[in-house]
Amino acid sequence: MGLALCLISCRFAHAAPQAPASTQDDRSLPPATQTPTPSTSSPTPQSPAFAHPQLPPSVGLNIVVLDPAHGGTDLGARGTEGIRESEVVLQFAEQAKRALEGQGFQVLLTRQSNDNPSFDDRSARVNAQRGAIFVSLHIASTGLSGTVRTYVMSDFAPAVEPAGLIPWDRAQAPFLTLSHKLGDLVQAEMSKRFRGSPPTAETAPIRQLRTTAAPAIAIEISSVVVPTRADLERMIPGVADALARGVAAFRPSYVVPGLPGSTAPGGQP
Amino acid sequence: MTPRWQFWGAVILFFLVMGAALYFPSLRRQVDKAKNITEKTAAEARRELLPPAPLNSGDPRLKVKMFWGSHNQDGTLVPVVLELPLSPDPVLRAKQILNTLLAGPIDPEARTLPPDAALLAFYILPDGTGVADFSEGLATGIPSGIQSKQLAVDSITRTLQANVPQVQQLKILVHGQEVDTLAGHLDLTQTFQVSMKEAGSPTPSGVAIITAPLHKAIEKVKGATRK
Numbered sequence: 001m002g003l004a005l006c007l008i009s010c011r012f013a014h015a016a017p018q019a020p021a022s023t024q025d026d027r028s029l030p031p032a033t034q035t036p037t038p039s040t041s042s043p044t045p046q047s048p049a050f051a052h053p054q055l056p057p058s059v060g061l062n063i064v065v066l067d068p069a070h071g072g073t074d075l076g077a078r079g080t081e082g083i084r085e086s087e088v089v090l091q092f093a094e095q096a097k098r099a100l101e102g103q104g105f106q107v108l109l110t111r112q113s114n115d116n117p118s119f120d121d122r123s124a125r126v127n128a129q130r131g132a133i134f135v136s137l138h139i140a141s142t143g144l145s146g147t148v149r150t151y152v153m154s155d156f157a158p159a160v161e162p163a164g165l166i167p168w169d170r171a172q173a174p175f176l177t178l179s180h181k182l183g184d185l186v187q188a189e190m191s192k193r194f195r196g197s198p199p200t201a202e203t204a205p206i207r208q209l210r211t212t213a214a215p216a217i218a219i220e221i222s223s224v225v226v227p228t229r230a231d232l233e234r235m236i237p238g239v240a241d242a243l244a245r246g247v248a249a250f251r252p253s254y255v256v257p258g259l260p261g262s263t264a265p266g267g268q269p
Numbered sequence: 001m002t003p004r005w006q007f008w009g010a011v012i013l014f015f016l017v018m019g020a021a022l023y024f025p026s027l028r029r030q031v032d033k034a035k036n037i038t039e040k041t042a043a044e045a046r047r048e049l050l051p052p053a054p055l056n057s058g059d060p061r062l063k064v065k066m067f068w069g070s071h072n073q074d075g076t077l078v079p080v081v082l083e084l085p086l087s088p089d090p091v092l093r094a095k096q097i098l099n100t101l102l103a104g105p106i107d108p109e110a111r112t113l114p115p116d117a118a119l120l121a122f123y124i125l126p127d128g129t130g131v132a133d134f135s136e137g138l139a140t141g142i143p144s145g146i147q148s149k150q151l152a153v154d155s156i157t158r159t160l161q162a163n164v165p166q167v168q169q170l171k172i173l174v175h176g177q178e179v180d181t182l183a184g185h186l187d188l189t190q191t192f193q194v195s196m197k198e199a200g201s202p203t204p205s206g207v208a209i210i211t212a213p214l215h216k217a218i219e220k221v222k223g224a225t226r227k
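Taken in order, these protein sequences are the chains called S and Z.
Taking our numbering, the leading residue of the first sequence gets 1, the next gets one more, and so forth.
Taking our numbering, the leading residue of the second sequence gets 1, the next gets one more, and so forth.
Some hints here could point you the wrong way.
[What the hints assert, rightly or not] For the chain S half of the interface with chain Z, some residues (derived, Cβ under 7 Å), not all of them:
no., residue
1, A77
2, L109
3, E220
[To be verified] Residues on chain S that point at chain Z, a partial pick, calculated with CB under 8 Å:
no., residue
4, E85
5, F105
6, S141
7, R149
8, P205
9, R210
Think of the hints as simulated: they come from the structure by calculation, not from any bench.
Even glycine gets a Cβ: it sits at the ideal position worked out from N, Cα and C.
Turn these sequences into a full structure, and let the hints steer you where they fit.
This is the structure we're talking about:
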């Protein structure tokens, strides 16, 4: 039901690229719009969480949607000194928000308290924007402590319906090229700061990213298994700053489609 | 208490503290060592009680390449070559291989799949799609995080790729059901590419569109699981 509401009310702000007109799913996003979307519509019944402020009519990337993963009864990874991933990612999101705002971005969060929006509700938060990117924040329970990995959705074929609609469950497909570019730029910053982190983004079929109609990445810090909670918390400002630098470096690569000097979602003019 | 007794009391206390400082680290090392031995022994006992695969001694012994995690936990897989009696039948062979993978390596730190997970069924469809049905332990026992789940799936696909060339893509079910995600992160509604060679799949990548025969196979697995 929530998904159906999202499909009806979310205004999809990116131009759909040309692709084979075939899909196996009748759920679709509306076609592209050409105007900025200071939308006050709510994609789900949880309208306060999804109302957003008026957006400035600017071209290019101006909004970053941060997604602190898990929440509610889903605590995520649990580790030393009672560390809960669902709580630490909220701190992480707050730090990242400040760092990104310092770079001139408007930042929206998919959750700001201990609740757990569905995958589709989280995607709807960014799908209703234009000129936005999506960053999902995670803490792992494995991996080398003190390292950070950035993930991009695995490649999969785009599917566009004859009317130009993009199926909701394949919304990420047209944005994969941009997502890879964003992921590599962010991970390059992470690897400079956190020794042992890979130099480029990795791919994984992450459910949260699949329904996201915007350049989208997931960042995962290793790990909740650290000698003390302070060790993990000390990493967060550095990760937030590296994220902000990576996103700032990505800004010239992404121009909202349909406006002068615009590029297609795949990054091709 | 006289100053003389205070002096001797302080001397004894000093030696007790020094002795404890020297002895406790050594005791801790011994306890850690004993813990490791216990874990290894438990893993070995499990393998003895639950044979990793229905191995038939009449089958020819072949070298197989298993992909488990690296010891330094850097999120990579390392191949480990074993010699096992393997069936020539690809379905049976895939079961043997996956059961060996589930049994895990000798070093528990290198394990990629949770010890409680079990393979309930395995089929290969005519288009080369392998359907692996795991117990709920796969979803509930796996460590939280994208990296650990990706490592788990990669270890399955790479091990199948190395040893069962008939399997070209993989669909993972949990207790006979198609599930949305593997414990909230990885998308299990798609198939995972196993072979580099395309097998009727339109996608050149890690995931492929679910096809009609696959839905039939899922129904078949569901039926078998209910029984």
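Outcome of the hint check:
no.	hint	in the structure
1	A77	holds, 4 Å
2	L109	violated, 19 Å
3	E220	holds, 5 Å
4	E85	holds, 7 Å
5	F105	violated, 24 Å
6	S141	holds, 5 Å
7	R149	holds, 6 Å
8	P205	holds, 4 Å
9	R210	holds, 6 Å
Hint compliance for this structure: hints 2, 5 are broken, all remaining hints hold.
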